[in-house]
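Colleague: Here's the letter readout for the chains.
There are 2 protein chains.
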Amino acid sequence: MTRNVPARRPQVRQTPDERRKAALEATLQLLGSLPYDEILVEDIAIAAGMSRPLLYHYFGGKDHLAAEALRWCGEAMVEAVLGAGEIGGPEGIRDGIRAYLDFVTEKTNWYTALVRHTYLPGTRTESVRKSIRVRIAEGILGLLAPSGGSTLLRLLVSGWVSQVETICREWLIDPALEKAAVESLLVDLLVANLHTGASRDHETAAALHRYSAE
Amino acid sequence: MTRNVPARRPQVRQTPDERRKAALEATLQLLGSLPYDEILVEDIAIAAGMSRPLLYHYFGGKDHLAAEALRWCGEAMVEAVLGAGEIGGPEGIRDGIRAYLDFVTEKTNWYTALVRHTYLPGTRTESVRKSIRVRIAEGILGLLAPSGGSTLLRLLVSGWVSQVETICREWLIDPALEKAAVESLLVDLLVANLHTGASRDHETAAALHRYSAE
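Sequence order for the protein chains is A and B.
Sequential numbering from 4 applies to the first sequence in the numbering used here.
Sequential numbering from 4 applies to the second sequence in the numbering used here.
Excised from the complex, chain A in its bound form (with noise of 0.2 Å):
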């Protein structure tokens, strides 16, 4: 009986975690290269090895699909971020820019999904871009002023980090600065920021002697 059927694929043999992750990866890379309403559930199907039906078996609809996606995305990328930035000071703020760097670089087309969702699909306020830079504007807080902070120094740090997103977003568009030249600029920025409200204000001088002493 099994012989005149046709060729079982491969992924038959993927656990539901291998799958999951398959189905994710491949509506991140659709996210990232076609305009929503372009793209078909049968199309993710076909990229991720795996039958519609067993794709609605697990996510619903594309809504759900590509939500679970974005949100599942994010996690890895402010993951990475903080992950390599938690030692702190100036050695922990480029391990994060770096660790930012290398997600925009190596997995460009979800970076591309990420920022171009501004709104979850099928949603109109819950956005994994916004959660994404508030959480690593949060843990460069967390290293930067350990009480919180003032509100001075919560407005250069959140505006440090839609700076970074933007900057990242036009250089993928003309990538004529190396790599190690975006890193050095964001690092350098970031100081350059602290440093114009460190005269304001004392947290803030505070935070940069902070980041300088480590």
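Rather than coming from a laboratory, the hints here were simulated on the basis of the structure.
You can take every hint at face value.
Identical copies carry no separate label here, and so any pair may be met within one copy or between two of them.
Straight-line distance between alpha carbons at most 30 Å, and here's what the computed DSSO-like set of lysine-lysine pairs gives:
{"id": "1", "residue 1": "Lys65", "residue 2": "Lys133"}
{"id": "2", "residue 1": "Lys65", "residue 2": "Lys110"}
{"id": "3", "residue 1": "Lys182", "residue 2": "Lys24"}
{"id": "4", "residue 1": "Lys110", "residue 2": "Lys133"}
{"id": "5", "residue 1": "Lys182", "residue 2": "Lys110"}
Since the model is a prediction, treat every value here as computed from it, not as a measurement.
We have chain A already, so just place chain B on it with the hints.
Modeller: Chain B in isolation, oriented as in the chain A frame:
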């Protein structure tokens, strides 16, 4: 005959242009204060003092009306900022920033509507928010580097415009700083960002020189 019908509302004496403007303003007011899904065309009609059929006649459905209102508002904002800043130099940049902050504080609901709706309702790719950023960045580049500017200078200016938007949004949520303090902070951040680039790139150094000399 006229005596027995209800008094007509004042708006019937408006010209078509005035009616249009009233409808756009009412739409922006609601877009800045309610989630999109909770806004009814009926509410906009009431707020604009206009019948629902007339509103449909002018603008089509809710998506079209919202998109039109956001485009109109973005245009008003860009004109205010670029108009104020067109003299160039430190004074021009400061005047442009002041116009931006005036818009943020005097038309807070409109600004909130603009930054909340990354993509226009009914579209997945047309972004007034992005076009505001791009046009303001182009305006600044036109002042700082009439010949177009290097890749690095463009990254720095775009990055700063994002920073401005993020700082303004967070400032609206936690308005602990005075408006004048935010204004001077934004000016100084631009200069600090240009300084960071100036040691790396001749054109950024020239832009900083041009900025400081005027």
